[in-house]
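Asks: Chains as they are written, first to last, in this note's numbering: chain D, 1 to 132; chain A, 1 to 132; chain V, 1 to 132.
Treat the hints with care, as some may be off.
What the hints assert, rightly or not - Label-pair restraints from in silico Cβ distances:
| # | chain 1 | residue 1 | chain 2 | residue 2 | range |
| --- | --- | --- | --- | --- | --- |
| 1 | A | 48 | V | 86 | 36 to 46 Å |
| 2 | D | 119 | A | 48 | 15 to 25 Å |
| 3 | A | 106 | D | 28 | 37 to 47 Å |
| 4 | V | 37 | A | 70 | 50 to 60 Å |
| 5 | D | 79 | A | 118 | 25 to 35 Å |
| 6 | D | 79 | A | 96 | 38 to 48 Å |
| 7 | V | 119 | A | 89 | 24 to 34 Å |
| 8 | A | 120 | V | 26 | 21 to 31 Å |
| 9 | A | 70 | V | 33 | 28 to 38 Å |
| 10 | A | 70 | D | 120 | 20 to 30 Å |
| 11 | V | 30 | A | 106 | 39 to 49 Å |
| 12 | D | 27 | V | 107 | 46 to 56 Å |
| 13 | A | 98 | V | 33 | 47 to 57 Å |
| 14 | V | 48 | D | 30 | 44 to 54 Å |
Read the hints as simulated data drawn from the structure, not as lab findings.
All values derive from a computational prediction rather than experimental measurement.
We put the beta carbon where it would ideally sit given N, CA and C, even for glycine.
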Amino acid sequence: GALTSEAEGVSGVGVDQELISAVPSHNPTFVSRNFTDAEIAYCRSQPSPPSSFAARWAGKEAVFKSLGVKSKGAAAAMKDIEILNDENGAPAVNLHGEAKAQAEQKGISKVLISLTHSETVAVAFAQATKSS
Amino acid sequence: GALTSEAEGVSGVGVDQELISAVPSHNPTFVSRNFTDAEIAYCRSQPSPPSSFAARWAGKEAVFKSLGVKSKGAAAAMKDIEILNDENGAPAVNLHGEAKAQAEQKGISKVLISLTHSETVAVAFAQATKSS
Amino acid sequence: GALTSEAEGVSGVGVDQELISAVPSHNPTFVSRNFTDAEIAYCRSQPSPPSSFAARWAGKEAVFKSLGVKSKGAAAAMKDIEILNDENGAPAVNLHGEAKAQAEQKGISKVLISLTHSETVAVAFAQATKSS
Chain D
1 GALTSEAEGV
11 SGVGVDQELI
21 SAVPSHNPTF
31 VSRNFTDAEI
41 AYCRSQPSPP
51 SSFAARWAGK
61 EAVFKSLGVK
71 SKGAAAAMKD
81 IEILNDENGA
91 PAVNLHGEAK
101 AQAEQKGISK
111 VLISLTHSET
121 VAVAFAQATK
131 SS
Chain A
1 GALTSEAEGV
11 SGVGVDQELI
21 SAVPSHNPTF
31 VSRNFTDAEI
41 AYCRSQPSPP
51 SSFAARWAGK
61 EAVFKSLGVK
71 SKGAAAAMKD
81 IEILNDENGA
91 PAVNLHGEAK
101 AQAEQKGISK
111 VLISLTHSET
121 VAVAFAQATK
131 SS
Chain V
1 GALTSEAEGV
11 SGVGVDQELI
21 SAVPSHNPTF
31 VSRNFTDAEI
41 AYCRSQPSPP
51 SSFAARWAGK
61 EAVFKSLGVK
71 SKGAAAAMKD
81 IEILNDENGA
91 PAVNLHGEAK
101 AQAEQKGISK
111 VLISLTHSET
121 VAVAFAQATK
131 SS
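This is chain D alone, in the form it adopts within the complex (with noise of 0.2 Å):
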């Protein structure tokens, strides 16, 4: 019963949600490894950092579960996928590295993100989209 044409345009949809309290957005080695330093600078930059790093980490999720690529649990290098504002002060997804490498071949030109948080949950949604 599969529908099984493809859907131009859209490629893939990602939606994570992640306890502030359980990012560990305190802990250097995490955030070193998670993050680059541009995203620090901002989340640092912010009234509430931790709530920012949360808002980041669930948005790095939800693009990878948008690249639809097997995951690699703790292997899985978050830090190639970097989130910054862009002029509008609204988050734009770069791809680097792996993850970057993952989208062009499955032919992904451009991951859309939003994301949102209360005092204790963030909640971000992806979608990654194909040129057609």
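Dock chains A and V against the given chain D, drawing on the hints supplied.
Replies: Relative to the frame of chain D, chains A and V by itself:
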């Protein structure tokens, strides 16, 4: 490392969550400033008006994010983003005023929306699409 | 003020959240009515079957919303919306029966899905796409 080619079809996505207790739907000034008469009538007809107002408020924020325009904070005319149910009972977005003008300028032809709430939290997702 | 031109590629979106404790996955009638044998086998093989059932239940609701058809409440055949993992471990939607017929009638060729859960809440996002 940014992926720069423009996707056709999808322009932007937005996700938002709101604590229902944090949305001041009992405040007539907040309600009349941010909701249209049709939205107010709908929300007041529902089993839990505070939940319905909070879900629509999250929806307006998600639509705003999906448009990818610079935030004006309290000055953003959320009333210009109207969310009413279609003939199937599904929420649909009508843009008015400046929000409509900004969407048209970006070539956005339709914004899709979905809303959900638990007893405490409302979550909304929006997707701005371009006709190709 | 409605934007009325039809978007190509994307047909509808759906988001849903469920309190894990509110999904009666311990009730064999609820489970057998709403989940396929393959879904049940998968959920029971997971570290936390209640979380897996709740995430898939949220997923079915999100897919249903993304199809944009009138809700039939308890009569909706949620078993016709089957969510199984693909070869990469990512969830994928198979439609059967009436859900499949309704999707085909609307020109929907594929429904994308993503699931996430914390210890207490499951969130799902679905996107119905048309082949253009």
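Asks: Give a verdict on every hint.
Replies: Evaluation of the provided hints:
no.	hint	in the structure
1	48(A) - 86(V): 36 to 46 Å	holds, 38 Å
2	119(D) - 48(A): 15 to 25 Å	holds, 22 Å
3	106(A) - 28(D): 37 to 47 Å	holds, 40 Å
4	37(V) - 70(A): 50 to 60 Å	holds, 51 Å
5	79(D) - 118(A): 25 to 35 Å	holds, 33 Å
6	79(D) - 96(A): 38 to 48 Å	holds, 43 Å
7	119(V) - 89(A): 24 to 34 Å	holds, 32 Å
8	120(A) - 26(V): 21 to 31 Å	holds, 23 Å
9	70(A) - 33(V): 28 to 38 Å	violated, 49 Å
10	70(A) - 120(D): 20 to 30 Å	holds, 28 Å
11	30(V) - 106(A): 39 to 49 Å	holds, 45 Å
12	27(D) - 107(V): 46 to 56 Å	holds, 49 Å
13	98(A) - 33(V): 47 to 57 Å	holds, 48 Å
14	48(V) - 30(D): 44 to 54 Å	violated, 24 Å
Violated hints, in rising order: 9 and 14; the structure is consistent with all others.
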